[in-house]
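Could you fit the two chains together into a complex? Lean on the hints.
Chains as they are written, first to last, in this note's numbering: chain W, 40 to 428; chain R, 398 to 483.
By construction, these hints were calculated from the structure, which means they are not laboratory data. In this text the structure is predicted, and so the values were computed from the model without any measurement. Virtual Cβ for every residue (Gly too), placed ideally from N, Cα, C. Treat the hints loosely; a few may be bogus.
[Said to hold, decoys possible] Here are some chain W residues pointing at chain R (derived, C-beta under 8 Å):
1. Thr109
2. Gly110
3. Gly113
4. Thr115
5. Ser119
6. Trp126
7. Ser130
8. Pro132
9. Lys137
10. Ala138
11. Gly144
12. Val146
13. Val351
For reference, the chains in residue letters:
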Amino acid sequence: MSVSDQKSPATPSSGVVALLIATRKGAWILKSRDGRCRWELEGPTFLGHIAYHIVLDPRDRRTMLMAARTGHLGPTVFRSTDDGKNWKEASRPPAFRKATEGEVGRVVDHVFWLTPAHPNEPNAWYAGTSPHGLFRSEDGGDTWEPVADFNDHPMRPSWSGDEGPQGTPDGSKLHSILIDPRDPNHMYLGLSGGGFFESTNKGADWKPLNAGCRADFLPDPYPEYGHDPHCVRLHPLAPDILYQQNHCGLYRMDRREGSWVRIGENMPKAVGDIGFPLVMHPRDPKTVWVFPMDGTEVWPRVSPGGNPAAYVTRDSGLTWQRLDRGFPRSQGWFTVKRQAMTSDAHEPVALYFGTTSGEVWASTNEGAEWACLVRHLPEIYAVEAAELE
Amino acid sequence: MKVYIPTPLRSYTKQQGEVDGYGSTVAEMLEDLDRRFPSIRFRMIDEQGGIRQHIRIFVNGEEVKGLDVPLVASDEVHILQALSGG
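The following block holds chain R by itself, in its conformation from the complex (with noise of 0.2 Å):
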């Protein structure tokens, strides 16, 4: 599948904005990411397994709000941050 990164989180994708993603869930899929792109989970997810605040998942579009949202290999999934403040 296709996951779409984030400005904020491209120094750890070697400022690849679109990177292949695997894995039968969103959370696999993060766990996948995390083994190839070190502690970037952490950066968009809490050590309760909570999205981050002002991180936002979208999956073909709709967004998801838990990590256990399945999966295909044809999904394309969007990283977004959520902007706020000045």
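One chain only, chain W, in its complex shape (with noise of 0.2 Å):
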């Protein structure tokens, strides 16, 4: 299906556009009644409670999901049907299955990334968790199975790797559930420290897909599996087109060659193609931006010299141009986690991210000039870009 037969997925309404902030102390809402021009800032919510990620139905625009835990109780999920005003906790929150006996059994230490499952799909949502898993909710996130040809398939030990006290510090991620809006039986996901994974039978099965892919932490540059994805994007106009911001570069593949193809070597070699978010363009399935970080030795996970920048490419990947416009011109060591940078659908298109010394940055003209929205937030983890009614 050509990008020209199908209608954005992501067409604005003319109502809110709301940025919903997950944060390590809470939640916060940033709204614009007035085509982005003015933000007023609602919150906290859950003051105190570390918020991975708060996700909007796109389906309903109504339902909110929240992933939250704190530092001393279990991990949940928050629900809201009235755009995050009022939330009600889950009633069964993702949870991995009981171990049967002389097994070690697995503990969802918090529920990391959200998503709406296909539109045909009502209700249905995935989430991934840390350590490693897949559930799914057929009720709008009210009562949450694991997803057990996944989290029991028989490989998934060794795709995980080690997940023990020697795992990575803040623990391995589930993220970037991707569905194909073709057909709900096809979908990816992302594993830190594994790699990338899809199926097409809707989770029956699941196969690496890194051909081309670097792992250079790896005695074999180029394994099967144990990538490490920072985050996968597919577009939703062009399927077959998934865009990777890996821990060894910038990616682009064509599904239907099926192989990564490093697009990152076009960047300037001062800034590398090191970074964690990716962002599409909702309509054009050529143009991505990305904000580098420093990845060299010991990985500051900065902006490149203190110098923040966003980068965009207008055709996939072969040239990329450098958006700084707005930003310190020194001394600037933002860091943006890989749910921390979204878009909406507006024409043109605003870009926002949060950054973990609290910051809410915006461009409405596609990245030419940023803005600094909000300060003094607490460590942000993920800002999504929502449509309200």
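Quick look at the structure:
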């Protein structure tokens, strides 16, 4: 199906643009009712809770889910059906199955990622957890069941690697759950420290999809799995086109060809092609924004040289342009996490991101100029743009 | 029995710091709490039946490490959060 055959699923309403801000200390919502000129900050909600991801269901533009926990209590999911005014806890949050006799049971530390399922499956959602786990809800996020064919896949422990005390400092993440808009049975997911995986039968079986992608921290730099995808996006209007911000660079795949092609080689060498977030233009599959970070030596994960900049390609990664007007010219050590950069669907597209130092930045002209909307929030984990009615 | 609830869990108990508990073991007492205060148990006890890392349960002043500890009506149960970090 060609791009022109479909109407964008992200068509904006005439209502409110809302940024759903998940932080280490609670949730905030930043709203604009006047075409993105003035913004009002609402919150905090669940002050002191660790909010990992807040997502509005684009199918009803009413149901909102929040993945949360606190430092002392177990993980859960909160639900709102009135645009975040009131919240109710899930009756059965994501949890692994009870271990059998002699088996070491797995325990969800936190729910990290939320994705609404296919538009033909109203009320269905997927959740990704730390440690690696995939869960599905059929009732708008109230009750969750493990996707056993992933969680108990005989290869899953090998794909996930070591999840014990020697694992990554903040825990392994299952993220980038992507649903093919043409087929609810066709889905993808990313495992930090595991690679990218595909299912063509609604999760009944999974296969690695990492050909062409480097894993230069492993003895074999081109293994079948074990890669570290940071953020993978599928374009809703061209679902065979995937972009990936990986630990080892920026990649693009045409699924019909089945191999990742490194497009980050075309970034300036002094900046590199390491980062966490990746944002797609809602109407142009050739346009992608990234926010490079320093991935040298000990991986500072800050803006290279203290000079923050987004980069955009408008030709599928052949060329990249620097976008830094409005950012600090020096001593700007931004860190932007993988869910903390997003776009809306207006014309022109606006871009938004949150930093771990609690700032929210926006550009209402596709990155040409940036302005700081909010300062002094807690460490920002995720920013999602939503169109409220 | 009396069950003392730490502040992070009082949103489940309508801000009550002390509630009545019922059951012949810690496991039964927690299941009963969950019936009356839905979802409170999973915040304390993981899906494998383990007490979460930063939760402590004391019965009559003695810490318990498992849920099969017997209880009687005169017991006092303290549920505590183990504060850490900054």
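To see whether the hints hold, each was checked on the structure:
| no. | hint | result |
| --- | --- | --- |
| 1 | Thr109 | holds (6 Å) |
| 2 | Gly110 | holds (6 Å) |
| 3 | Gly113 | holds (5 Å) |
| 4 | Thr115 | holds (7 Å) |
| 5 | Ser119 | violated (16 Å) |
| 6 | Trp126 | violated (11 Å) |
| 7 | Ser130 | holds (7 Å) |
| 8 | Pro132 | holds (6 Å) |
| 9 | Lys137 | holds (6 Å) |
| 10 | Ala138 | holds (6 Å) |
| 11 | Gly144 | holds (4 Å) |
| 12 | Val146 | holds (4 Å) |
| 13 | Val351 | violated (38 Å) |
Hint violations for this structure: numbers 5, 6, 13, all remaining hints satisfied.
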